[in-house]
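Spelled out from the first residue to the last, the chains are:
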Amino acid sequence: DAKTTQPNSMESNEEEPVHLPCNHSTISGTDYIHWYRQLPSQGPEYVIHGLTSNVNNRMASLAIAEDRKSSTLILHRATLRDAAVYYCILRDIRPNQGGKLIFGQGTELSVKP
Amino acid sequence: GAVVSQHPSRVICKSGTSVKIECRSLDFQATTMFWYRQFPKQSLMLMATSNEGSKATYEQGVEKDKFLINHASLTLSTLTVTSAHPEDSSFYICSARIPYFVGTERKAFFGQGTRLTVV
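So the protein sequences, as listed, match chains A and B.
Heads up: the first sequence runs through residues 1 to 113, numbered per my numbering.
Heads up: the second sequence runs through residues 1 to 119, numbered per my numbering.
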């Protein structure tokens with residue numbers, strides 16, 4: 001499985017934008033970039049995913065580098081409820097890869113009032 | 001949106017007993033579900049892939065006789081921790097993905113997790 005590298009932790013102030021980086025230099029052409037987040041004592045929650053183009057949804061934006069070796073999750077206005085561990089995951093969509101998500105260590109985001 | 005429900009959310013059992021955890025996809029059929037385990041302050045570790053109507057596929061190092069997985073229907077997968085010991089105490093999480101449509105990438109949905117404590 002192609003690996004991702006994320007900072008262990010980041011801090012943000014409430015109502016300010018947050019940029020969470022992810023490096024995936026060994027990404028292959030069949031890897032989608034997924035982001036999930038996990039609040040304390042809960043299962044992970046889907047945030048966003050993309051392949052090559054930047055993506056936006058109601059939760060966040062995903063900026064993907066042109067060479068696809070890195071990506072950035074953008075929370076436009078952090079709230080206290082956004083404090084969580086954010087996981088950047090590559091998912092190989094080839095049928096023989098099983099469709100599983102392999103979690104790395106993630107980035108623990110803390111949001112200060 | 002699609003929901004995955006896990007039950008129970010919390011269970012305490014005595015050492016040597018078995019515990020069953022259920023994972024249900026509430027509004028979609030899931031031919032494949034995934035089981036994870038998470039220890040405190042650590043990331044999720046994939047244990048096995050549960051396939052409806054066939055045997056589960058276990059990740060390396062996971063004992064299939066200890067962690068029995070049954071996926072008897074398109075909406076239910078169960079994980080049974082047999083002869084539980086204190087070191088099996090962990091947060092167990094299941095996941096399912098909405099059915100595949102050609103040309104689309106699917107997101108995964110996760111259960112709320114089951115906190116198992118073996119005493």
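Source of the hints: derived by calculation from the structure; they are not laboratory data.
Model, not experiment: these values are computed from the prediction.
Treat each hint with caution, since some may be false.
[As the list claims (entries may be wrong)] On the chain B side, residues computed to face chain A include the following (Cβ under 10 angstroms): (1) I12; (2) C13; (3) K14; (4) L44; (5) P86; (6) S95; (7) T117.
[Unchecked claim] Taking beta-carbon pairs under 8 angstroms as the criterion, some of the chain A residues facing chain B (in silico): (8) H49; (9) I102; (10) V111.
[Claimed, not checked] To list a few chain B residues with every Cβ distance to chain A over 12 angstroms, as calculated: (11) S9; (12) S15; (13) G53; (14) D65; (15) Q112; (16) V118; (17) V119.
Glycine is no exception: its CB is placed at the ideal position from the N, C-alpha and C atoms.
Hints, one by one, checked against the model:
1. I12: 16 angstroms, violated
2. C13: 19 angstroms, violated
3. K14: Not OK, violated: K14(B) not within 10 angstroms of chain A, min 23 angstroms.
4. L44: 4 angstroms, holds
5. P86: Because about 20 angstroms separates P86(B) from the closest Cβ in chain A, which is outside the 10 angstroms limit, the hint is violated.
6. S95: Where the cut-off is 10 angstroms and the nearest Cβ of chain A is about 7 angstroms from S95(B), the hint holds.
7. T117: 13 angstroms, violated
8. H49: Because about 6 angstroms separates H49(A) from the closest Cβ in chain B, which is inside the 8 angstroms limit, the hint holds.
9. I102: Holds, about 6 angstroms.
10. V111: V111(A) check fails; min Cβ-Cβ to chain B is 19 angstroms, beyond 8 angstroms.
11. S9: 9 angstroms, violated
12. S15: 24 angstroms, holds
13. G53: 16 angstroms, holds
14. D65: 21 angstroms, holds
15. Q112: 5 angstroms, violated
16. V118: Non-interface label stands for V118(B): nearest chain A Cβ at 18 angstroms, farther than 12 angstroms.
17. V119: Nearest chain A Cβ is 19 angstroms from V119(B), so the label holds.
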